[in-house]
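**Student:** Each chain is listed here by its residues.
There are 2 protein chains.
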Amino acid sequence: MAEANTKAEHFVGLDLGGTKILAGVFDHSLECIGSAKLSTKSQRGVDKVVERIARCIQDAVDEADLSMKQVAGVGLGAPGAVDYDSGTVIFAPNLEGWKDVPLKKDLEKLLGVPVFVENDCNIAALGVYVAELKSKPRSMIGIFIGTGIGAGLIIDGELFSGFSHTAGEIGHMVVEVSGPKCGCGNKGCFEALASRTAIFQQIKAGVKDGQKTMLTEMLGDSLEDLRSGDLRKAIRRGDKFVDRVVESAAEYIGIATANIVNVLNPEVVVLGGGVIEALADEMMGVIVETAADYAMPGTMKGVEIVASKLGDNAGITGGAVLAKRATK
Amino acid sequence: MAEANTKAEHFVGLDLGGTKILAGVFDHSLECIGSAKLSTKSQRGVDKVVERIARCIQDAVDEADLSMKQVAGVGLGAPGAVDYDSGTVIFAPNLEGWKDVPLKKDLEKLLGVPVFVENDCNIAALGVYVAELKSKPRSMIGIFIGTGIGAGLIIDGELFSGFSHTAGEIGHMVVEVSGPKCGCGNKGCFEALASRTAIFQQIKAGVKDGQKTMLTEMLGDSLEDLRSGDLRKAIRRGDKFVDRVVESAAEYIGIATANIVNVLNPEVVVLGGGVIEALADEMMGVIVETAADYAMPGTMKGVEIVASKLGDNAGITGGAVLAKRATK
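Protein sequences appear in the order of chains A and B.
The numbers in our numbering rise by one with no breaks, and the one at position 310 of the first sequence is 317.
The numbers in our numbering rise by one with no breaks, and the one at position 133 of the second sequence is 140.
One chain only, chain A, in its complex shape (with noise of 0.2 Å):
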């Protein structure tokens, strides 16, 4: 036992946020050993939040009782479009002032180990598949509801990131060209219909018109620090406003569900993220059942749509399932 911990055989998993910097330390046998939280402060410019990185490691490896040399290597995600060879996120629209910042370099300058940098949701993707699924569909896509709203793919296998590694934009699919503006600049996208900013948004129009919700008595008319978990709590008091907002971005979620099971037939969809990891008891119902009425017979036979239990730990887990490949 001794003699095994000073070997470097543990991987730490980073979910690098626009928000929050989540750090955790993995035995080979993918168990969560020790864990670190930091907020990203990415106000404060590009190298200090590589330094916060950093430290949220250190932390989570040390709460694990260990030192940098025990680990083998740091698999990283990071939020926005990232190129895998060279370890440089290119761009990080929720980073301020994130373009082309070398962060697998910097990072190992700082740490002296291996780091590996993905786009997060393909990580959160690759954590969902080996830890939860135990590597067993052939295909799955995995689906993360939170502030915006992304995909991971798996294809035989392996992670799929397409031409130029920005495979997964599930999020700026078109499902309703006449819908309301998107961030990105379109109208209609998944992510203007069903993420988490687009459920406070019709929330908080409703309020201004006059709609009456729990969620006013909760936190006050300005809604200043809504979260999903508010919703799940005036949903269960009987806030009809609530539901039905919700129920509708569900829909939606169900019809982009269907889409993605329309021209890929996975094996398995899992769903993720913020919103499903607070909602999933309101939303996987009528998820399914949309999804189902939208996918063409016969596509959806044997297919399974389900929600993650990972929930905020798919993407640590998918960095260590990244180190530990890759280090091999």
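Hints may contain errors.
Calculated lysine-lysine pairs in the BS3-like style (CA-CA distance at most 27 Å, straight line) [to be verified]:
hint: 1; chain 1: A; residue 1: LYS194; chain 2: B; residue 2: LYS188
hint: 2; chain 1: A; residue 1: LYS215; chain 2: A; residue 2: LYS194
hint: 3; chain 1: A; residue 1: LYS188; chain 2: B; residue 2: LYS194
hint: 4; chain 1: B; residue 1: LYS188; chain 2: A; residue 2: LYS308
hint: 5; chain 1: A; residue 1: LYS44; chain 2: A; residue 2: LYS27
hint: 6; chain 1: B; residue 1: LYS112; chain 2: A; residue 2: LYS308
hint: 7; chain 1: A; residue 1: LYS211; chain 2: A; residue 2: LYS27
hint: 8; chain 1: B; residue 1: LYS143; chain 2: B; residue 2: LYS308
hint: 9; chain 1: B; residue 1: LYS27; chain 2: B; residue 2: LYS14
hint: 10; chain 1: B; residue 1: LYS116; chain 2: B; residue 2: LYS27
hint: 11; chain 1: A; residue 1: LYS194; chain 2: B; residue 2: LYS194
hint: 12; chain 1: A; residue 1: LYS188; chain 2: B; residue 2: LYS143
Restraint-style ranges between C-beta atoms, simulated for each label pair [what the hints assert, rightly or not]:
hint: 13; chain 1: B; residue 1: LEU37; chain 2: A; residue 2: GLY236; range: 54 to 62 Å
hint: 14; chain 1: B; residue 1: LYS188; chain 2: A; residue 2: GLY292; range: 38 to 46 Å
hint: 15; chain 1: B; residue 1: ASP92; chain 2: A; residue 2: GLU311; range: 44 to 52 Å
Residues from chain B that keep clear of chain A, each with C-beta distances beyond 10 Å, as calculated [claimed, not checked]:
hint: 16; residue: VAL137
hint: 17; residue: GLU176
hint: 18; residue: GLU183
hint: 19; residue: ARG251
hint: 20; residue: ASN269
hint: 21; residue: GLU274
hint: 22; residue: LYS308
None of these hints come from the bench; they were simulated from the model.
Ideal placement from N, C-alpha and C gives every residue a C-beta, glycine not left out.
Knowing the structure of chain A, use the given hints to seat chain B on it.
**Tutor:** This is chain B only, laid out in the frame that chain A set:
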């Protein structure tokens, strides 16, 4: 040469459509050396159509001055859901009574050579990939716009048909939830907005509403014999109404292409089928421009969007490719 001709080193590709059957004989370099065409006449029943398929193949082989003994295999594309392993057509919506037809078995009995059955869009994509793109890109999506709309996916150099062999049903990807009714029962499917059927419906509805178009001068008020080529003629003579309808369809094709590029980020998107064959000059500019507008920044970088030059021959070429690969 005489010796080579007695060997079974030719391949037959067959494209089974709702209205016509097309067969082509190919040499080992995938050059077409003889072809034949028959109408399908699916109203005569499944057995008669199977006989017609066999006859069309024999006609093409005879046309190429060969005998069946010189054919190594037949690759066949059927318009519907196919079980490749058993060679059964599970369901073909445009062929009367086609449900669980053991096409491979029946044809092998009639022809005495190995027969391989695939979905028609898969086979057309394979034909374009191998014969037109020389298998160079790692990933390619072939989108075929005709009476309906379907796609074939090449991923990592191989045909990808998904978990239950139904991948590529891009025609039933919803792009406008509140859009026109589709034959499948849902609303706003890509096929209900941009297929030949959809374009013709829009033109006929416009004429009923009093829209002026040269098409009524060319074909009479009922527009009974309307073909895609007539649209091209009308547009080239300055018909604004037809131009508008075709441009709108091209925009939807562009949006669907962007959806696919966002999700799969393939190296090449090839557009084919009767509508593109007849109207490539009129549509491709709008398609490429709209796709670029709707794709996420970066995802379209280096991705090619091109019209297939194989036209109606994509299916028979792909059939020959399939037979060649399967008999190797």
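**Student:** Now tell me if each hint is right for this structure.
**Tutor:** Hint check:
In summary, the hint linking A/LYS194 to B/LYS188 is supported, as the alpha carbons are separated by about 21 Å, within the 27 Å threshold. The hinted pair formed by A/LYS215 and A/LYS194 meets the criterion: a straight-line CA distance of about 23 Å does not exceed 27 Å. With a CA separation close to 21 Å, the supplied pair A/LYS188 and B/LYS194 stays within the 27 Å bound. Distance check on the hinted pair: B/LYS188 and A/LYS308 sit about 24 Å apart at the alpha-carbon level, within 27 Å; holds.
For the hint pairing A/LYS44 with A/LYS27, the CA-to-CA distance comes to about 7 Å; that is within 27 Å, so the pair holds. Restraint check for B/LYS112 and A/LYS308: the C-alpha separation of about 25 Å stays at or below 27 Å, so the hint holds. At roughly 24 Å between alpha-carbon atoms, A/LYS211 and A/LYS27 fall within 27 Å of each other, so this suggested pair holds. Proximity of B/LYS143 to B/LYS308 is assessed by CA-CA distance (about 18 Å); at most 27 Å being required, the pair is judged to hold.
As the CA atoms of B/LYS27 and B/LYS14 are separated by approximately 30 Å, the hinted pair breaks the 27 Å bound. Restraint check for B/LYS116 and B/LYS27: the C-alpha separation of about 22 Å stays at or below 27 Å, so the hint holds. At roughly 18 Å between alpha-carbon atoms, A/LYS194 and B/LYS194 fall within 27 Å of each other, so this suggested pair holds. At most 27 Å may separate the alpha-carbon atoms for a hinted pair to count; A/LYS188 and B/LYS143 exceed this at roughly 38 Å.
Between B/LEU37 and A/GLY236 the beta carbon distance is about 60 Å. The supplied range of 54 to 62 Å therefore holds. The given range of 38 to 46 Å is broken by B/LYS188 and A/GLY292, whose C-beta atoms sit roughly 26 Å from each other. Between B/ASP92 and A/GLU311 the Cβ separation comes to about 22 Å, which falls outside the hinted range of 44 to 52 Å. Look at B/VAL137: its CB is around 19 Å from the nearest CB on chain A, clear of 10 Å, so calling it non-interface holds up.
Once the 10 Å rule is applied to beta carbons, B/GLU176 is inconsistent with being away from chain A; the minimum gap is 4 Å. At roughly 5 Å, the least C-beta separation between B/GLU183 and chain A is not larger than 10 Å, which violates its mark as non-interface. Every CB of chain A lies more than 10 Å from the CB of B/ARG251, the least distance being 16 Å, so the non-interface label holds. Listed as outside the interface, B/ASN269 is inconsistent with that label: its C-beta sits roughly 4 Å from the nearest C-beta of chain A, within the 10 Å cut-off.
For B/GLU274, the requirement that its beta carbon stay farther than 10 Å from each beta carbon of chain A is not met, with the minimum near 4 Å. Consistency note on B/LYS308: stated as away from chain A, yet its beta-carbon is not over 10 Å from all of that chain's, at 5 Å minimum.
Violated hints for the displayed structure, listed by number in ascending order: 9, 12, 14, 15, 17, 18, 20, 21, 22.
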